[in-house]
Each structure stands twice: as C-alpha cells, then as structure tokens.
Amino acid sequence: MIVDTKAYGSVEVDERQSITIPSGLYGFESLERFILMDARQRPFYWLQSLDVQEVAFVLIDPKLIRPDYDANIDSADFEALGLEDSNDEHFLQFSIVTIPEDRQGMTANLQGPIIINKESRLGRQCISQNDSWNVRHNILEEMAAGKDAC
Amino acid sequence: MLILSRRKDESVIIDGRIEIAIVDIKGDQVKLGIKAPRDVKVFRNEVFQAIEAENKAAADAPVDLPALPVNHRTDSEKYD
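Listed in order, the protein sequences are those of chains A and B. Numbering of the first sequence is given in our numbering, commencing with residue 1 and proceeding in unit increments. Numbering of the second sequence is given in our numbering, commencing with residue 1001 and proceeding in unit increments.
Derived from the structure by calculation, the hints contain no laboratory data.
Stretch-level coverage of chain A by chain B, calculated; a stretch enters the list once three of its residues show a Cβ under 8 angstroms from a Cβ in chain B: (1) 53 to 61; (2) 105 to 119; (3) 134 to 141.
All C-beta atoms in this analysis are idealised placements derived from N, C-alpha and C, irrespective of residue type, glycine included.
Assemble the whole structure, with the sequences as input and the hints as a guide.
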C-alpha cells in the first residue's frame, strides 16, 4: 500500500506495518490508524498517522536509553491488547521522542510508552506506574550515563 | 462542575460503578479512595496533562532526525 508520510512523502509500505490504536494517543484520541516504519536514521522509527499526514511521531526502543527500563504497566493494559505481560512473545514497546530545535535536548517519554501486540497489530499508550519515569528523559545524557556505568 | 460536600469516610458513586471515598483529611490534603472497574483509567490529572502535552510537543518532530551514538542490538522487531 502507498502511504503519504510526513517524513518521506509517498512511500510503499507493507500492510503488516499498519497498527491500530483504538483509543488513540493522549491528545490525539481521534487518530486510530498508523503505520510503523523504520526511520532512515537508525535507531528511530516513525509512527505515521494514516488519517492525517502531518501527524507522525518519532519512536525509539526505551531499552536503548535505559537498559533497566521497566514501565510497570497495568495488567489491564496488557489484557486490552491480548498480551500476557512484557515477556509475551508478541509484546513490543516504544517511547515517543520529542525533538526540540536544539537536537542535543531531544527527550524520550518513558512515562507514557506505546505498547503493541505485533501479532494482532493493536497498540495502546500506557501510563507507567513506576514513578522513576517521566515524560522528558534527555536521550544523549541518559545514553552517555549508561556507557559510563558499563 | 457538580460540587458536593462530603465528610471523612463518606463517598460518592459515579455511574453506579465508580466509588470515590474521602479516606482522610489533613490540613489542605485530602486522601481519596477510588474503586472502579479495571477498564476505567484513573490518573492524577497532572500526570495525564503532562503526557498529553508531551505528545503534542512530539508531534512537531522535524523530519531530519539527528544521529545517535548507537551500536546496541535490541529486541524490537525491524520494520522495513
């Protein structure tokens, strides 16, 4: 299928890259249909709305930023997607990235992760029950701190 | 907004299925107890608002993404 994307214009994507988020993202509740695709700049991904071309989110694997990341997601959120827990073979999780004009200040939202059942391709934005995580973790600083710890 | 007066240990019922009780009152702090079905999401309003505001800020992402100093392998599936 051909999709009009914010980042790359019209691109051909596989149907299996489509993700439905029935309750939308907070603040974007009316947008349910998305495409998940690799960004050309690894390790980012794009979550592109299929309804509004201008709405696209940059995602990243939160474990790249914090290897100890555990969102402690409510079991009701897993159930809503037909997942057992975070060890389920169909479980995927992403953090939404915010990129300000000064790229050094880019942050990841570790408090409101998006979880996906990659078999049913249903997704959901959760709110972490772990107070350690907030909506703005500086990506470069967290990664540098992680390297120092190794 | 509906405004009701309640004392400690009293509660209100919303929609016959959500109970909000006043558990304790100390000075200007009120402790609430909330009993709701599992599909009802309850958050502190400031948490909810922070996530909504962050989503909106994130949606303004530039299309030329910065490079990251990464060479880790991850468990996430590759979507090409």
